[in-house]
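Visitor: Below are the chains, spelled out letter by letter.
There are 8 protein chains.
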Amino acid sequence: MTGDTFEDIGFAKVDTGRELRQGLAEVVYGAGKTADEIVAIVARLKASTRRPVLVTRVDEAKARALLAAEPATHWDAKSRLAVVGEVPPPDGKGVIAVATGGTSDGAVAEEAARTAEALGNRVARIYDVGVAGIHRLLAHADELRRARVVIAIAGMEGALATVIGGLVSCPVVAVPTSVGYGAAFDGLAALLSMMNSCAPGVSVVNIDNGFGAAVLASRINHL
Amino acid sequence: MTGDTFEDIGFAKVDTGRELRQGLAEVVYGAGKTADEIVAIVARLKASTRRPVLVTRVDEAKARALLAAEPATHWDAKSRLAVVGEVPPPDGKGVIAVATGGTSDGAVAEEAARTAEALGNRVARIYDVGVAGIHRLLAHADELRRARVVIAIAGMEGALATVIGGLVSCPVVAVPTSVGYGAAFDGLAALLSMMNSCAPGVSVVNIDNGFGAAVLASRINHL
Amino acid sequence: MTGDTFEDIGFAKVDTGRELRQGLAEVVYGAGKTADEIVAIVARLKASTRRPVLVTRVDEAKARALLAAEPATHWDAKSRLAVVGEVPPPDGKGVIAVATGGTSDGAVAEEAARTAEALGNRVARIYDVGVAGIHRLLAHADELRRARVVIAIAGMEGALATVIGGLVSCPVVAVPTSVGYGAAFDGLAALLSMMNSCAPGVSVVNIDNGFGAAVLASRINHL
Amino acid sequence: MTGDTFEDIGFAKVDTGRELRQGLAEVVYGAGKTADEIVAIVARLKASTRRPVLVTRVDEAKARALLAAEPATHWDAKSRLAVVGEVPPPDGKGVIAVATGGTSDGAVAEEAARTAEALGNRVARIYDVGVAGIHRLLAHADELRRARVVIAIAGMEGALATVIGGLVSCPVVAVPTSVGYGAAFDGLAALLSMMNSCAPGVSVVNIDNGFGAAVLASRINHL
Amino acid sequence: MTGDTFEDIGFAKVDTGRELRQGLAEVVYGAGKTADEIVAIVARLKASTRRPVLVTRVDEAKARALLAAEPATHWDAKSRLAVVGEVPPPDGKGVIAVATGGTSDGAVAEEAARTAEALGNRVARIYDVGVAGIHRLLAHADELRRARVVIAIAGMEGALATVIGGLVSCPVVAVPTSVGYGAAFDGLAALLSMMNSCAPGVSVVNIDNGFGAAVLASRINHL
Amino acid sequence: MTGDTFEDIGFAKVDTGRELRQGLAEVVYGAGKTADEIVAIVARLKASTRRPVLVTRVDEAKARALLAAEPATHWDAKSRLAVVGEVPPPDGKGVIAVATGGTSDGAVAEEAARTAEALGNRVARIYDVGVAGIHRLLAHADELRRARVVIAIAGMEGALATVIGGLVSCPVVAVPTSVGYGAAFDGLAALLSMMNSCAPGVSVVNIDNGFGAAVLASRINHL
Amino acid sequence: MTGDTFEDIGFAKVDTGRELRQGLAEVVYGAGKTADEIVAIVARLKASTRRPVLVTRVDEAKARALLAAEPATHWDAKSRLAVVGEVPPPDGKGVIAVATGGTSDGAVAEEAARTAEALGNRVARIYDVGVAGIHRLLAHADELRRARVVIAIAGMEGALATVIGGLVSCPVVAVPTSVGYGAAFDGLAALLSMMNSCAPGVSVVNIDNGFGAAVLASRINHL
Amino acid sequence: MTGDTFEDIGFAKVDTGRELRQGLAEVVYGAGKTADEIVAIVARLKASTRRPVLVTRVDEAKARALLAAEPATHWDAKSRLAVVGEVPPPDGKGVIAVATGGTSDGAVAEEAARTAEALGNRVARIYDVGVAGIHRLLAHADELRRARVVIAIAGMEGALATVIGGLVSCPVVAVPTSVGYGAAFDGLAALLSMMNSCAPGVSVVNIDNGFGAAVLASRINHL
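Chains as they are written, first to last, in the numbering used here: chain A, 1 to 223; chain B, 1 to 223; chain C, 1 to 223; chain D, 1 to 223; chain E, 1 to 223; chain F, 1 to 223; chain G, 1 to 223; chain H, 1 to 223.
Extracted from the complex, chain A is given alone in its bound form (with noise of 0.2 Å):
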C-alpha cells in the first residue's frame, strides 16, 4: 500500500512488505474519503500489487462509482466493505469463527468476516447465538471448539464473549457493538462488559470495528 492509501480513522498504514508475510490484501478506509478519491486511491493501488484491495465503510453511491471505474469490485451491502480483484485461495491455518448475539450485529459481523476472508483465512459464520438461549450457543460448541480463532460480536450486555471464552480454549477477540437503545450508551454497556470478562483468553477491540478483529484474528491465522 503506498503512502496516500494508510488509513487515517482505525486503521494504521500497513507496509506492503510485512504484510504480505500474511497475505493481507491492501486496505483503504472509505468512510471518510470522497468516490473520487477512493477511485483514484485505488487505481494506484491496482497499478502496483496483484492482491486484492479492500476499501472499508463505502456506502452505495461510492460503491456504483468504484464498481464504474474497477469492473472487477465487489460490494455487499451489508458490510459496506468493497472488494477489488480476486480474492486468493485461503492461506491461513485454522478457520476462524465469528459470532454474533443477534441479527442487529450482522453488518459489523459481514465486516469481520469479508474482511477475513480477503486476508486469506476460512471462515465460519455463527450468528445469532446470544446468551439470553444459552442452547443456540451451545448448539455450535464444536464448531467453536474447533476454530483457531473466535470473534465474538455482540451488543446490549456483550456476555457471548464471556460464555464463548468459557467454551473454547483458543483466543477470543470480542467486538462490542452500539446495538441497543438507553442505558446501552451506543456500546459502553458492552464495552465495558467485555472488559471485564471472567473468562481468560478475552481481549476487546473498538465498539463495531469488525475490521480490526479481523485484521487480529487474521494475524494470530497466520502465525
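A portion of the hints provided could be inaccurate.
Below, computed lysine-lysine pairings styled on BS3-like, alpha-carbon distance capped at 27 Å [what the hints assert, rightly or not]:
1) Lys78(D) x Lys46(D)
2) Lys78(E) x Lys93(D)
3) Lys46(B) x Lys78(B)
4) Lys46(H) x Lys78(H)
5) Lys46(C) x Lys93(B)
6) Lys46(G) x Lys78(G)
7) Lys93(F) x Lys93(H)
8) Lys46(A) x Lys78(A)
9) Lys46(E) x Lys78(E)
10) Lys93(G) x Lys93(A)
11) Lys46(F) x Lys78(F)
12) Lys78(C) x Lys46(C)
No lab work stands behind these hints, which were simulated from the structure alone.
With chain A held as given, fit chains B, C, D, E, F, G and H onto it using these hints.
Guide: Chains B, C, D, E, F, G and H alone, transformed into the frame defined by chain A:
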C-alpha cells in the same frame, strides 16, 4: 416499625400494618447508626412486635453489643446481617433461588438469602455458577426453573442475569456487585450490563443491594 | 416463535413452549427490520400459532405494509405497537397499574400497557401523576394499592417510582424514560434516581423499555 | 472579614461592608486549615468585629483548640460547625425550613440549620420526611408552606426537592447529599435528579453544601 | 391552569390558586405538543382566566397556528416564547437582572427575561458580559448590585455566575447553557463549573432552563 | 475589534490595542451568526482597521455572501476559514509546525495553519504522521526540532502529542480532534490521552479547537 | 483444577483437561481469599496434579503462610505472584515480549511475564520504553519484531500499544495500567486510548490485568 | 540525566544535551520510589552534572533520608519538592507569574513556582486571587500583564484561567486542581471549565500538575 427505625439509606420506612400482610420482619439499617442507637431501636421494636427484627450491615463490634443486649440475636459475619428473635416458618408460596457468579459475590448473596429467609421464604442457594463455565450453571437449570423468583447476583461483566433470564420463565431480580477491578468501575459495568439484558423478565436493583432484592423477591413470592 | 423471530435488540428469543404457560403472545422486534422482513416473519408465525403476534417499534410505513398483508392487524400510533390477530381475554390474576409522571412518557406507557394487555393482563392506566403535584398521585393511591404489580414510568428526576414504592406493597417495575433535556442526559438521571430508590420493592429496567417492563409485570401477574 | 480569612474551598471571600447589611456573621472555612491557623484567624476577626465568627468543618481536635483559645465557642459535633461569640436575635423576615430525606442527611442539615441561625434566621427543622413514606412529608405541608424559603436536603434519589417544590410556592434550595452507595455515585444521582426537578422554583447547590444553601436562603430571607 | 395543561417536561403542574398570589401567568410547555393541542389548551385556559398564557418552546409553524387562533398572541422568534393576552404591569418588588456571557446565550436569556416579564417583573438585560473581558462585566457592576435577583446565563466554562456572585449580595440563579463544543459536552462543563461556584449565594438550574430560572427569580422578587 | 464582534463561542473579545502588539488580525466567530450579521460586522471592522479580518467556521453559503460584499475575501473550504483583506508578511520569530495524525484531522489542521498565517506566522505543515507508522514522524524530526512551537493535532488515541513532546524542546500545543468512532467518544479519548502526556512541555486546548491553538502558538512565536 | 479453585474475580474456572493441552498451570486468584483458604486450595490442587500452581495477587503475609505450608513456593514481591512447584521448560512456539512504558508499570508487567513463564513461554522483558522517548523503543524494534506476541503495558496516555502495533506484524495485547493521576482516572485514559489504537492487530484487556494478557498471549503462542 | 532517572509518571525522560540549552535541572519523580532508590539516583546524577537535581513529590520521611545523604538538599514541605545542589541565577527572559484561586491551591502552586525557579526563571507569586472576589485579581492586573507567561492554578470552578486570559496577552498555562468536593469530582469540573475557556491563549495541563506547567512555562520563557 416505629418512626425512629425507618431506613434512611437504601430502604424506606415500612408501615407495620401493611407489611404484616407479607410476613415481613422489622428492619433496621445498621450502617449509619452507633451500637447504642441500634440497641435502643431494637429494644423498642421488640416491645411492640413479636416478629423478628433484622438489622443490616452490622459489623462485628456492633453485633457484640447487640448480642449482649438481646441474647436472642443471631449474627452472620459474611452478610453482616443480625436477626433478633425467632424467624417464623416460611409462608411464601415457592422457593427463591439466589444465584451468584463467583464466591466474591457471597456477602451480597448471603444478605439476600438471609433477608429472604427472615421474611418467610424458602431459599435455594446456587452459588459460583458464573457464565464463563456455563456447564456449572446448566447443571442447575432444573433447580432454577422450579423457583418462583430468581435473584441473580454478579459483578464483573454481570452476564449471569441474562443467561438465567433465558433459562427460566419466572421473574429475575438482578443485583450487580462491586466485585472486580479496573473497568468494572465499582459495579457500573455489571449494572449497565444487567440494564441491557436481552432476556425478558429481568429487572435490576442497586449495586450490592442484596437486601432490596430479597424484599422484592419476597413480595413476589407472597403474592 | 420460530428461530427467525427471536428479538435481537432488547428482548430475547422466547421459547414457545415455556411462554405458552404464561399466555404470552409471539413477539417480533420491529426496529431493525424492513417492512418485507416483518411481513414475512409475521406470516410464518401466524401459520404456526393461534396466538396474537406483537410487533414492537413499528413506524407508520411499516404498519401500512403489515396491515396490507395481515388485515387483522391493529396498530397504535403512539406506542408504535402492532398486534396481529385477536387478543384473548385476560387470564392474569390481578391488575397491572401503569403510572406515568407526565404526558411525554405516554409512548413508553402505551407500549407497556398494550403489551401487557396482549399478554393477557388487565391494565389500569394512571397517567400524568408526577410527584411535583403529589395530590394527583395520592388521588390514585387506592387504585395503585389494588394492583398486583405497578409499572412506574417517568423521565426527568424519576421520583415517581420511589413515591409509589412507598404507597404500595406489591412489586414496582420502574421504567426511566428519555424525556427531558440538559442534565437529564437522555434518561440517565432518571435511571440513576430509580436505581437509588429508597422504597422497598422497586426494581428497574432499561430506559424507555416499556415492553420489557410489561413482560416482567405479566410474568408476576401470572404467577 | 480580613483578607486572610476568605474561604478558598466552597465559599468566597465575603466583604464585611456588604454582608453587614444581611446580618451575616464572619465565616472561616476550617477544612484545610490547622488548629493554629484557625485560632489565629478567629482572634484577628474577633478584634475587628462584634459579630459572631463561624468556622465550618471543624473536627473535634480543632474544636478543642479553638475552645481553649476562645471560651465563647460553641461547637456542634454533628455539623462540625463552631460559632465563636453570641448569635444575635434573628432579623430575617420569615422562617427557613430545613427538610431532610433521612437521618443520614443530618450532618448536612445541621450545617445548614446552624449556619442559617448564626446568620440571623429562624429555622424550622423538618427531618426524616423522605418521599418513600409520603405521609410523613405531607404531615408537614402546612409548616413547609409557612416558610419563606425551604432547604431540601436528600441523598439517594433526591426526590424530596421535587415533591416539596410542588407543595410550596416559595423558593426551594436543593442540596444533594453523598448519602447512599452503589449507583448513588457519591451524590451524583441526587444531583442529577434535583437538576431535573419538574417542580418550579427549585435550584441546586453542590453536594453536601449545607453551608452554601444556608447563605443563599439567608440572603433570600433578608431581602 | 387546568389539569390538561400541567407541564410534563421541565415544569410541574401549577395550581392556579397558589400561583395567583405571585401574579404568575398560565404556562404551557410547547415542545412535546402539536399545534392543535397547543391551540386547544390555550383556548380552554383563556376561557377560565384573565391572566396571560405563556407557551414555551414554540417553533415558528406552531406560532402561526396559535396566532391564527388567538390574535392576541405575541411570539418571539429568539426565545420561542409565545404570550397570549396582555401582560399586566409588573408587581415584583425589584428588578431581575438577566446577564449572559455571550450572544449565543441569547435564546436562553430571552426565554428567562420574557418569562420574568410575563410573571410581573421588571427585567434588566445585561448581555455579552463574559468574564474573558472582565471590564465589560464590571461596567455593569452597579446595575447588577441594584437588582433584587440576578440570573447569570453562560455556556462554555460558566464562570460568569461566580464572578457575579462575588459582586452582588442578592441571590444569583445560574443557568448553564449548551453553548460550546468539544469538552463543553452540551453544557456539562458549565453545569459542573456553576455547581462548584466559590461565590456565596449562587444556585443552579438545569442546562438551558431559562424558564425555570425566571420562575424562581420571580418567586424571590415577589416575596 | 468593536464590541459587536467579540467571540461568544470559544474565543473571547479581543482588545484591539493589546492584540496589535502581536500583529493579530481581527477575528469573528462565524458559527452562530447569519450571513447578514457576518457581513455587517466585517464591514464595520474593515472601516476601523487595516488589518485582515478572520471569520471562522464559515460554511459555503455564508462564504458566498461574504465574498459578494467583500471581494477581497479568501475562503478555504476545508478549514471553513475566511480571511478578508491582505495578510501581512509574517513577523513571528520562528516557524510554527502543524502536525497531524491522519488526513481526517486536516480540517482542524488547516484552521490552525491558516489562522497562524493570518496572525503573522510562518507555518510548516507536517501532515499524516500518526504514530502507528512511527517512521513517518521520525522522517520529520529535524523539521519539528527547528520549529519554535509545534501544534500537534490528533484524534483516536491522541498519541502524537506525546511522541512529538519527546522529540522537541519547544512548547507543544496539543489539539484533540473528534475524529474516530466508538470509544473515541467524540474526542474524549484523545483529550484524556493528551492531558496525561508523559512528555514535558505539552499542554492541551479544546477538542477541534485549531483556532485557539493557533492563537496561543502565535502569542508564543511573537514573544 | 477442582471446583473450589475457580477464579471468581477476573479469571474463570479452568477445566483441567482442556488447559493441559496448552501446558497451563493451575491458577488460584488470591485477592479475595484468606491465607488459610489459599493454603487449603493449593494443597488440594497439588494432590491432583503435577503441574505448578499459580496464586495471583498474594500479599506478603499470605505468601509467608503459603511458603510455610508449601516449601516449594516461590513468591515475587513485585508481581505478588506465587508459584508452587516447579515450572516446566517452556513449550511455546516463540517468544512473548512484555513491554512497558515506565517503571511504575513494573508490577503489572511482572505479573504478565511470570504468568507467561509459568504457562510455558519464553519471555523477553522490554521495560521502560515509553513513547515520550521514542529512541528507547526503537532500539528494541528488532527484538519486538522477533516476538510471536507482544504484551504492551502502559498507563497515562497509553500510546505504547499503538506505536508497537505499527512496528510489528504479530498480535499485540494491550494492558492499560492505573498508573498516573488526575485525568488518568485510574486507567480510564489509557484504556480509551488503547481501544482507539489506529494500529492494526491491537486488542485490549482490563486495567492492570497482566495475568489475563499473559493467558491470552500464551494461548496464541501455543497455537 | 541517566536512564535510571527518566520519569515514568507524569514526566518523560529528558535528554541531558537538549535540556541543557534551556538551563533545565535534572528531575527525578519521587512518588513511586523508595527513599533508597531516590538517594541512589540522586547520587549518580550528582556525579555526572553540576546542575541541581529536582526530586518531586517527596514526603517528609524520604526528604530526611535524602538530606542525610545529600546535605546540600533543600526540601519544601508544602510543595514536597526537594532541590539538591545550588540553583543557578535565573536566565529566563522574563517573569513567570504563578496565580492561584485560593490557599488550598498552594501546594500545586509552590510545586510550579519552585520548579520554575530551579529551571532558571524569576517567579511572581500572585496567590489567593480567586474570581469570586474579582477586585483581588484586578489589583494584580499590571503585575500579570508584565509577566512573560502566566500559570493560572485553580480548583472548584476553575474560572481564574479565563479571567486572566482576558487580562493578559501572553500565554496562560492553566492547571486545574483537585481542590473542592462533591461535583468538583477531584478536579474534573475545573479541567472541563479550563478546556472551555473562552479567552484566547489559554491551554491546560493535567490536574495538580504544577511541575508540568512550570516546565512548559520555562520553555516558553527561555525561547
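Visitor: Take a quick look at whether Lys78(E) and Lys93(D) sit within 27 Å of each other, Cα to Cα.
Guide: violated (38 Å)
Visitor: Quickly compare the C-alpha distance for Lys46(C) and Lys93(B) to 27 Å and report which way the hint goes.
Guide: Between Lys46(C) and Lys93(B) the Cα gap is close to 36 Å, so the pair fails against 27 Å, i.e. violated.
Visitor: Assess, step by step, whether the Cα of Lys46(F) is no farther than 27 Å from the Cα of Lys78(F), and give holds or violated.
Guide: holds (25 Å)
Visitor: Taking 27 Å as the top limit, are the C-alpha atoms of Lys93(F) and Lys93(H) close enough?
Guide: holds (15 Å)
Visitor: Quick one, are Lys93(G) and Lys93(A) close enough, alpha carbons at most 27 Å?
Guide: Since the Cα atoms of Lys93(G) and Lys93(A) sit roughly 15 Å apart, the hinted pair holds (cutoff 27 Å).
Visitor: Are the Cα atoms of Lys46(A) and Lys78(A) separated by 27 Å or less?
Guide: holds (25 Å)
Visitor: Do the alpha carbons of Lys46(G) and Lys78(G) lie within 27 Å of each other, as the hint requires?
Guide: Within the cut-off at roughly 25 Å; holds.
Visitor: Lys78(C) and Lys46(C) were given as a pair; does the straight-line alpha-carbon distance stay at or below 27 Å?
Guide: holds (25 Å)
Visitor: For Lys46(H) and Lys78(H), compute the direct alpha-carbon distance and say whether it is at most 27 Å.
Guide: Judged against 27 Å, a Cα distance of about 25 Å means the pair holds.
Visitor: Verify the proposed pairing of Lys46(E) with Lys78(E), using a straight-line Cα cut of 27 Å.
Guide: Holds, because 25 Å separates the two Cα atoms, which is no more than 27 Å.
Visitor: Taken at face value, is the distance from the CA of Lys46(D) to the CA of Lys78(D) at most 27 Å?
Guide: Given pair Lys78(D), Lys46(D) holds - Cα atoms ~25 Å apart, limit 27 Å.
Visitor: Next pair to validate is Lys46(B) with Lys78(B); report whether the Cα-Cα distance is within 27 Å.
Guide: Holds - the C-alpha atoms of Lys78(B) and Lys46(B) are around 25 Å apart, at most 27 Å.
Taken one by one, the earlier hints fail for this structure at numbers 2, 5, listed in ascending order.
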